[in-house]
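There are 2 protein chains.
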Amino acid sequence: MNSEHLFIKALKGETVERPPVWMMRQAGRYLPEYIELRNKYDFFTRVQTPELACEITIQPVDLVGVDAAILFSDILVVPQAMGLEVQLIESKGPILPQTIRTQQDIDDLVVGADAVGALEYVSKAIKLIKKELNNRVPLIGFAGAPFTILCYMVKGRGSKSFDKAKQFCFSEPKLAHQLLQRITDVTIDYLHAQVDAGADAVQVFDSWSGMLSPDDFNEFALPYLTKISDSLISRVPVILFPKGSWYALEQLSNTSTSAIGIDWCITPQQARAMTQNKKTLQGNFDPCKLLSPIPQIEKEVKAMIDAFGVQKYVANLGHGIMPNIPVDHAKAFVNAVKNYKNNISYGLFNSAERKLI
Amino acid sequence: MNSEHLFIKALKGETVERPPVWMMRQAGRYLPEYIELRNKYDFFTRVQTPELACEITIQPVDLVGVDAAILFSDILVVPQAMGLEVQLIESKGPILPQTIRTQQDIDDLVVGADAVGALEYVSKAIKLIKKELNNRVPLIGFAGAPFTILCYMVKGRGSKSFDKAKQFCFSEPKLAHQLLQRITDVTIDYLHAQVDAGADAVQVFDSWSGMLSPDDFNEFALPYLTKISDSLISRVPVILFPKGSWYALEQLSNTSTSAIGIDWCITPQQARAMTQNKKTLQGNFDPCKLLSPIPQIEKEVKAMIDAFGVQKYVANLGHGIMPNIPVDHAKAFVNAVKNYKNNISYGLFNSAERKLI
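Chains as they are written, first to last, in the working numbering: chain A, 1 to 357; chain B, 358 to 714.
Chain A extracted, bound-state conformation (with noise of 0.2 Å):
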C-alpha cells in the first residue's frame, strides 16, 4: 500500500497507475449481509449506533473491494439535528412531519453547538470505523448540500420535482437565503465535526440541484456549495456532486472543490471540456447497466475510463447503487476498474504522451 491511498492521490490530483473506485450507496440494499442487520435493526438505530454503523460502513470494502469507504449515514440527520422530526420508514421514502414555510419556522430551528452536538453519534461512528478499517482505505464522511436539505424541509417529503420547495425560493428568496445559510452554517460544522473524528475526505450530495434551472443555480445552490468547499478545503480533500446540473460544470471547475461527482447523462468527453482539465471527475456509469451481463459491464468500464483518463478521475457510479444489482455486477464492477489496463488511454489531455506510444 502507498503511503497515500489512491482515492486521496486521485482526489489530489497525484498521478496514479489506475483510478480508484467505489460507489455510491454500496453500503446498502443490494448486499445480503446489510438485509440482514436491517431486518433486525430500524433504520435510525442503524445509524446511530456506531457499532452497527461501522459494521455497514465496512462491509462493501470486505464484500466488493472498494477502494474507499464511505460513512453509513443519511443525508437527512441534518434536518433531524436542526429540531425537524424525521421519519425514514423502508421502502416509503423520507417524511418530515413538520415542514418549513415561515421566517417562524426558521427561527425555531436548532443551530450551532446544539445541532452539531446532536450529531456526536456519528463522530463515534467514524472514530470506530477508522480503527476498524485499520487504513486500508480511507473513509469518506458526507452530508446534504443545502438546496437539496431545503427541498426536504419546505417538501416535507420526497418528490419527482420539488415544486414546492422551489416555489418556496421563488416566491420566498429571502427566507429561501436565510434557510440555506443556517443548513450551510451546521453543515460545515458537522463536515469539521467528521473530519475532526478521522474521514480523510468528504462529499455534498446535492440530490436535486438539477430541478434548478442554471440561473436558479447560481442563486440557490453554488454559492453555498462554494462556501462548505472553501471551508473544508484546508483539511481535506472535497468532492461536490450536484446532480443534473451539468449547466454549471464550468462554474464548479473554479471553485475550491478538488473533485466533482456526474451522473450518466453527459459524455466523459463533454464533461471534461466544461471543467478543462482542472478537476478530478467521479461518475459516471448508468447504476441500470449494472443488470447488463458481466462481460458488458466490463466491456463499458473500460469504454468509461478509456474516455476519462486514468489521470484525475474517480471510478464510480453515477448514483446509488439500487437494490436489485446482483453483488456479483456490483464486484464485476470494481474488479473491472482494478484489472484496467490501457498504455495507450491517458486522458484526453495527453496526447502528446499518447502519440509517444
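Don't read these hints as lab results, they were simulated from the structure. We put the beta carbon where it would ideally sit given N, CA and C, even for glycine. Any given hint might turn out to be false.
Dumping the calculated SDA-like pairs for lysine to any residue here, alpha-carbon to alpha-carbon at most 25 Å [stated by the list, open to error]:
id, chain 1, residue 1, chain 2, residue 2
1, B, Lys449, A, Pro97
2, A, Lys9, A, Glu250
3, B, Lys521, A, Ile89
4, B, Lys659, A, Pro214
5, A, Lys331, B, Asp572
6, B, Lys521, A, Lys278
7, A, Lys227, A, Glu250
8, A, Lys299, B, Ser518
9, A, Lys160, B, Gln444
10, B, Lys521, A, Ser292
11, B, Lys521, A, Pro94
12, B, Lys531, A, Ile89
13, A, Lys160, B, Ile392
14, B, Lys366, B, Gln668
15, A, Lys278, A, Gln296
16, B, Lys517, A, Ser161
17, B, Lys659, A, Asn218
18, B, Lys688, B, Pro389
19, B, Lys635, B, Pro680
20, B, Lys366, B, Val552
21, B, Lys369, B, Lys521
Covered by chain B, according to a simulated footprint, are these stretches of chain A (three or more residues, beta-carbon under 8 Å) [claimed, not checked]:
id, stretch
22, 154-168
23, 208-218
24, 262-268
25, 286-295
Fit chain B to the supplied structure of chain A, relying on the hints for placement.
For chain B alone, coordinates are given in the frame of chain A:
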C-alpha cells in the same frame, strides 16, 4: 391575421415580429372550465368523445389567448391502440396492467391499420376542432416518442427513473429495438392520420429520454425520433421534445425536424450554441416560475426572449403547466410574450444588426 400563422412561420424559420407562445398541457387542470368537465366525464370519455376533446382543446385559446391549440389527448392512446389496457385514474397516474417483457408480448401487439383504426376518434376530434377554431390559430397534433412509450409498456406505470425499462433495453436490446420499431411504425401512421384530419404541426414528446446516457440516447431514442421526423416533415412542421436530453442538441440540430423543445435546465445561450441556430427552439420557462408574482413573471419572460432572440423561437414552458398555477399567472406569461418589444434584440446570431441600432 397573416396568411400564415405566427406559430407556423416561427417553426419554418420565417421572420416574425414577435415569438408565438403556447404552453404544454395548456388544456388542463389549472383551468376551472376544464375541471368542470373532468368532474363530469372520466379521462378516456373526454379523450375519445370528439365534442369534449374539441371543447377542452379550444379552452386555452379562448381563456388564455395562446397562439396555437394542441389536441387534448394523451401519449398512452398509442399503447392502448396497440392492444394494451391503459388505466388513467386522476391523481394516481397511468397503469398498464399487462406489461411487455417477451418476444410473444411484442408479437401480440396490434400494429398497422388495426392500430391506427382504433384511433379514428382522434381524427374526428381534429376535424371538429379545426372547424371550431375556424383558422384563428393552428392546431398541433402529437404523440409520445417510441422510447417513452416503451418505458410505460415495460414498466406498466410511471416511475422516477424507469430502471425496469432501461434494464429491458440493456439486457434485451434486440427485443427493445423490435418494440421501438413497432411503436415507431404505428406512431408514424397515427401522426399522418392527424395531419390528414387537419393538424398543422406535430410534436413528439420523449418525456423520459433524459434518463438515458448520450450513448444510449443514440441507440434507443434518436433513430426513432429521426424516422418519425423524416416521415412527417414534408407535410407539416415537426417539433421534437426529448426532455432532459440536452446532450443531444447538436445531433438533433442535424435531423430533419423543424424545431426542438428544451427544458429549463440549459441556458438559451447554451442551446443556441449547441444547435448553431439551425433549428427553431421551443421552451424553456420553468413551470414552477409561474407561481412567482406577476411582475417577476413578466421580467423573466422578457429576459428569456432577450436571450433566445425573437427569430426561430417559440415561447413555451420547459414542461407541462402545473395544476396549481393561477389562471391569471398563465395569462401573464402569454401576454408578456405577446407584448414583447425589444428592438435591440434579434437573437444571438444577428450581432451585426444589433450594432446598427
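Could you tell me which of the hints above the structure violates, numbers in ascending order? 6, 12, 15, 19 and 21
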